[in-house]
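Residue numbers (numbering that gives the first Met the number 0), protein chains in the order written: chain V, 0 to 313; chain P, 0 to 251; chain E, 0 to 239.
Hints are computed from structural coordinates only; laboratory data are not their basis.
Please note that the accuracy of each hint is not assured.
Said to hold, decoys possible - Within a straight-line C-alpha distance of at most 25 Å, the following computed SDA-like cross-link-like pairs (lysine to any residue) qualify: (1) Lys157(P) x Pro229(P); (2) Lys132(V) x Pro55(E); (3) Lys235(P) x Gly145(E); (4) Lys235(P) x Ser144(E); (5) Lys235(P) x Pro55(E); (6) Lys235(P) x Ser202(E); (7) Lys157(P) x Ala221(P).
Stated by the list, open to error - Computed footprint of chain E on chain V; a stretch qualifies when at least three of its residues, placed anywhere within it, have a C-beta under 8 Å from a C-beta of chain E: (8) 209-219; (9) 229-241; (10) 298-310.
We put the CB at the ideal spot given by N, CA and C, even for glycine.
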Amino acid sequence: MRYIARRLLHGLLLLVGVSLLSFLFADLAPGDYFSSLRTDPRVSAQTIAALRAQYSLDRPLPVRYAAWVASVLRGDFGYSLAYNSPVGPLLWARVRATLLLTGTATFLAWLIALPLGIWNATARGTWGDSVSKVVLSFLLAIPDLLLAIVFLMLAVETGYFPTGGMVSPGPERVEDVAWHLVLPVAVLVLGMLPTLVRHVRASMAEAIDSPFALSARAQGIPRRRLLFRHLLPAAANPLISLFGFSLGTLLSASLLIEVVMGWPGLGPLFLEAIMARDFALVLAVVMLSASFLVAGNLLADILLYRMDPRIRMK
Amino acid sequence: MPADSFLSVRGLTKIFDGRPAIQNVTFSLERGRTLGLVGPSGAGKSTLARCLALFETPTSGEIWLEGRSLCGQMRAGIQLIFQEPASSLNPRFTAAQIVTEPLLIRKLGTTKSRRQRASELMETVGLSRHALPTPALEFSGGERQRLAIARALALEPKLLILDESFAGLDLSVQAQVTTLLLDLQERCGLTYILIAHDLALVWRMAGEIAVMDQGTIVEHAAVAGLLARPQHPLTKAMLDAARALSLAGAPA
Amino acid sequence: MRDLTVDLISVRNIAVPVVSEVSFQVDPGSIVGLFGESGCGKTTLALALLNLLPAPRYRVRGSVQLRNFEVLAATERQLERIRGAEISLVFQDPLLALNPVLRVRDQVAEAMRAHGCQRGLESLFRLVGLPATPRMFDAYPHQLSGGERQRVVIAQALACRPALVIADEPFTALDAVRVVELSSLFRELREKLQISFLLISHSPGVLARTADQVLIMQAGRIVERGTPRQVFGKGTAHAR
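If we strip away everything but chain V, and leave its shape as in the complex, we get (with noise of 0.2 Å):
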């Protein structure tokens, strides 16, 4: 249990830090939301600094940042200069959609790479083995933009699939929510792809090959219970550890294929806020993405503590 204590409080203070850095940072690109009004010549200087003042742009950083921790404190995230809104409600639908899209990949992704993995593992030397591998190192050299554009292509030819957003107009039905995610789905699990199975045939191979596994077979114990009863427990080790980093970037890893694809998540919403200077919604976004992933190697540790006797006993 300390060792979770321990795992939590190492979480906030890094919750704190990414805090800090993103204020700092953000307060260091030149601008703020109104730098964009002393272009327009019917704006006169005082009534930016006047707007300026009202939105509290131009106390000094320390004083802005201690407001922000005390309201996000309070469950208020701030108000949202670009869009006329409180964060929160605006983030809300933009979160569910990139959970939908991110949590199918990276179920998807999974679903496939462990059999996969396995079974390259356990077929190594063999022709099967040899395709896999050029096929996930081509994979791997590829970039997910470039797939993203390549499929949009597709889809504009064929017509078989729509070219953006998440739903058509119409009454919202899940087929048709379905349809829309088959593409950019189908980019982000390809770009997974080729490390998780890496990971699942690298582990499986060194439980393979373990002094216990020929022990295991020494007593006669059937190939199929071996690998799944015996083997697979002993190679989750890295496994889950890459499992807590796949949730942890749940929020963040489809940012930039939102924004090409055209799927209406966190991704268009964060690019948006970035250029117009919409300093509560880059904060948000970036805390919220940050928490995920601390989330995410939490129930890592976690889980690895839960499952491996070893780390338990330490």
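Keeping the supplied structure of chain V fixed, place chains P and E upon it in accordance with the hints.
Relative to the frame of chain V, chains P and E by itself:
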């Protein structure tokens, strides 16, 4: 008194997770002698070795080497050789790298002088200096153990602790390494603490024996005396076992 | 009918001969010792007897007859059935031979489950001299002492009452008292359960005390065989 003996250990205790691995260990050892440390597994022999070599900080107690209380800087004076030569040597390192590593870490000497020393050390342990550029994994088990000894000797230690260093080696190789160590002891006045399961080996090398059980030393005597008049039941059991396993009916 | 008859077995590891034309027999209820220095091929021989050497790399020739069943010609399914049930292998390093993330109880149970033997865990543990306590059952390998681990591995090997147990250097990590206990255990198992042993060790003392017959292996060949006294007695090449 601490100032008199070469090595003096008083009340050494090390507690792991609330359980004492060694408790109140006290003994002295004179220079140039070999102490055999025997006992069942889990008795605390390795823990004691690690405390002496300063790999662990004792929970309480004192260690005096040559009249001075032991602290971090003295580590050069005591070197530890482990059981598995395969795992205590980086298999990709060449013999030269392995043997000069301690010198490198302490920034002793120049590249040239270190290389010179490496050749000397190789010859001391009976390995050819032409084998210096060979990676460790190409050496046999016995040769790797010699490399480990060479590395330990690089810093000219006064006390060498051998923790089960002969366990995996063949008998003939054991004999060679033992002869080498005895020879070195005579030439350089080294002091050894030898931890081993093989009692025959201990008789051959040690002048005195300490029997450990459950974290304490239960008997400590000169070899001849121990053989003739074992006091503690554990010692008697071990001697009986050794006799049962020896071919000639008495430890060779 | 002999328990095990090995005839002219040879093993090559990518064209390098590791075992050359080894022949011997193990009679029911006997303990045969295999003595040799490291690198002489003892472990490879042990693995070959259970047909555990992976194919393209290792080429095995000869015959291994376990009670008239040819092990080297068996299918994988047949092998899975006899391994552990008719002939068991006790590996050299118990820490490595045990799965680090499974409890002792589960590991031994797996051995039994593989062959459908229903034996009480307690009686098996007591047979090998382990305390039949919850602490022992629920323990993970790294929590046990070297001696206890060794006995767990032996328990696994004995779980389904095999006819022959091959033990590869089971005494190395143990102190003299434990070694004598283990040696007595083997002899006891031979008496009570008629289990034969092929004992691999590089310690003449142990083999002298435990084995009926000793084979001396050198560079992949058997160079001498006889009783321990004949082979290790004073005046022979291997006297200590």
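Tested hints:
Between Lys157(P) and Pro229(P), the direct Cα distance comes to roughly 30 Å. Violation of the 25 Å bound is thereby established for this hinted pair. For the suggested pair Lys132(V) and Pro55(E), the alpha carbons sit about 22 Å apart, so the restraint of at most 25 Å is met. With a C-alpha separation of about 22 Å, the suggested pairing of Lys235(P) with Gly145(E) holds against the 25 Å cut-off. For the proposed pair Lys235(P) and Ser144(E), the alpha carbon gap of about 22 Å is at most 25 Å, so the pair holds.
Under the criterion of a C-alpha separation no larger than 25 Å, the hint pairing Lys235(P) with Pro55(E) is inconsistent with the structure, at around 53 Å. The suggested pairing of Lys235(P) with Ser202(E) holds, with an alpha-carbon distance near 22 Å, which does not exceed 25 Å. At roughly 21 Å between alpha-carbon atoms, Lys157(P) and Ala221(P) fall within 25 Å of each other, so this suggested pair holds. With 10 residues carrying a beta carbon less than 8 Å from a beta carbon of chain E, the region 209-219 of chain V meets the three-residue requirement, and the given coverage holds.
For the region 229-241 of chain V, the stated coverage by chain E holds: 4 residues have a C-beta nearer than 8 Å to a C-beta of that chain, and at least 3 were required. Counting residues of the region 298-310 of chain V whose CB lies closer than 8 Å to any CB of chain E gives 4, which reaches the minimum of 3, so the coverage claim holds.
In this structure, the earlier hints numbered 1 and 5 are contradicted, and the remaining ones agree with it.
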